[in-house]
Amino acid sequence: MKLKLLPSTFNENGGYSAGQHLTTFLIDGRVALDAGSLAMAASENERRSVRDIVLTHAHLDHIAGLPLFVDDLFASLTEPIRVHATREVLEVLERDVFNWSVYPRFSELHNENGPVLKYRPFTLGSEFSIGGLKFHSIPVDHKVPSSGFIINDGKAAIAFSGDTSSSAAFWGKVNERTDVKAVLIECAFPDRLAELAGASHHLTPATLKAELEQLHLDAQVCVINIKPMYRDEVIMELRETLDRVITIIEPVREYHF
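Residue numbers (my numbering): 118 to 374.
None of these hints come from the bench; they were simulated from the model. All C-beta atoms, glycine included, are put in the ideal place defined by N, C-alpha and C. Heads up, a few of these hints could be off.
What the hints assert, rightly or not - With a straight-line cut-off of 25 Å between C-alpha atoms, the simulated SDA-like cross-links for lysine to any residue are: (1) Lys-272 with Gln-337; (2) Lys-260 with Ser-243; (3) Lys-290 with Pro-124.
Stated by the list, open to error - Distance windows between CB atoms, simulated: (4) Leu-226 with Thr-126: 28 to 34 Å; (5) Ala-273 with Arg-164: 39 to 45 Å; (6) Gly-242 with Ser-283: 14 to 20 Å; (7) Glu-357 with Phe-191: 18 to 24 Å; (8) Asn-292 with Ser-166: 29 to 35 Å; (9) His-227 with Thr-126: 17 to 23 Å; (10) Asn-228 with Lys-260: 44 to 50 Å; (11) Val-261 with Glu-371: 29 to 35 Å; (12) Glu-225 with Glu-129: 23 to 29 Å; (13) Glu-161 with Asn-292: 29 to 35 Å; (14) Ser-166 with Pro-345: 26 to 32 Å; (15) Ala-323 with Arg-212: 33 to 39 Å; (16) Gly-231 with Ser-317: 37 to 43 Å; (17) Gly-131 with Thr-240: 27 to 33 Å.
When you get a sec, could you build the whole thing from the sequences and use the hints?
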């Protein structure tokens with residue numbers, strides 16, 4: 118399984134920055150996990166390949182690129198873009214984004230080949246397949262209804278928390294598996310902002326350490342979704358706090374699991 122974080126933030130020289138405001142991961146170059154930077158950062162080949170988008174939740178940094186992605190491809194689509202999300206997330210999209218006031222309701226529009234946007238609702242705790250990938254959704258504890266996933270390609274699996282705070286349900290499902298090779302887990306804020314992290318249902322290095330004590334598998338731990346303005350501070354605290362080797366997921370680099 119190949120995983121790549123698309124860039125979304127740029128440095129003073131015009132290149133991409135390691136700090137990221139938006140979240141989009143591409144799986145095997147053809148399925149997008151969240152759509153924060155999808156329209157802005159996907160290559161032309163990736164634009165041609167990605168027709169399935171799986172959303173963890175409806176916060177802006179995870180959906181910002183979705184309307185633009187559909188808009189960009191509208192005339193050229195020969196099959197609809199399929200958005201896989203819970204009904205709660207789809208309701209937010211229809212009510213607050215694709216509502217004709219903010220952006221067109223693409224679910225009602227067609228090009229010469231047919232519909233351009235289709236919704237594929239799933240329930241938390243369910244499984245669904247996209248091509249050769251199987252997604253097992255897991256409820257996680259964020260400020261809004263959110264899903265983590267265990268994603269299996271038939272050879273190996275990864276566990277993906279999305280945005281979350283403490284989530285026993287997530288670790289319970291992960292520990293049931295024998296095929297999980299890596300756990301991608303968020304750590305948004307430094308410890309000095311623990312109150313803000315708690316109020317917004319995110320993790321800090323100290324709370325992440327407590328979460329990882331619930332992991333009973335020998336799996337690679339990868340940290341994602343660090344708030345860009347605190348990135349250096351969070352990474353320093355992670356190195357000091359955690360008693361295990363971790364990987365900080367970097368944009369553009371391709372990871373193989």
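Here's how the hints hold up against the structure:
Between Lys-272 and Gln-337 the CA atoms are separated by roughly 16 Å; this keeps the pair inside 25 Å, and the hint holds. For the given pair, Lys-260 sits about 21 Å from Ser-243 by alpha-carbon distance, which is consistent with the 25 Å threshold. Proximity of Lys-290 to Pro-124 is assessed by CA-CA distance (about 30 Å); at most 25 Å being required, the pair is judged violated. A hinted range of 28 to 34 Å holds for the C-beta pair Leu-226 and Thr-126, which are about 31 Å apart.
In this structure, Ala-273 and Arg-164 break the distance hint of 39 to 45 Å, their C-beta atoms being roughly 27 Å apart. For Gly-242 and Ser-283, the hinted distance range of 14 to 20 Å is satisfied, since their beta carbons lie about 18 Å from each other. Between Glu-357 and Phe-191 the beta carbons are some 49 Å apart, a value that contradicts the proposed interval 18 to 24 Å. In this structure, Asn-292 and Ser-166 meet the distance hint of 29 to 35 Å, their C-beta atoms being roughly 33 Å apart.
Taking the beta carbon of each, His-227 and Thr-126 are about 35 Å apart, not inside 17 to 23 Å as hinted. Checked against the given bound of 44 to 50 Å, the beta carbons of Asn-228 and Lys-260, roughly 36 Å apart, lie outside it. Checked against the given bound of 29 to 35 Å, the beta carbons of Val-261 and Glu-371, roughly 30 Å apart, stay inside it. Checking the proposed 23 to 29 Å range against Glu-225 and Glu-129 shows it is violated: the Cβ atoms sit about 42 Å from each other.
For the hinted restraint 29 to 35 Å between Glu-161 and Asn-292, the CB-CB distance of approximately 41 Å leaves it violated. For the pair Ser-166 and Pro-345, the supplied restraint of 26 to 32 Å holds, since their beta-carbon distance comes to about 27 Å. A hinted range of 33 to 39 Å for the beta carbons of Ala-323 and Arg-212 is consistent with their spacing of about 37 Å. Checked against the hint of 37 to 43 Å, the pair Gly-231 and Ser-317 passes, with Cβ atoms roughly 40 Å apart.
For the pair Gly-131 and Thr-240, the supplied restraint of 27 to 33 Å is violated, since their beta-carbon distance comes to about 43 Å.
Of the hints listed earlier, those the structure fails to meet are numbers 3, 5, 7, 9, 10, 12, 13 and 17, in rising order.
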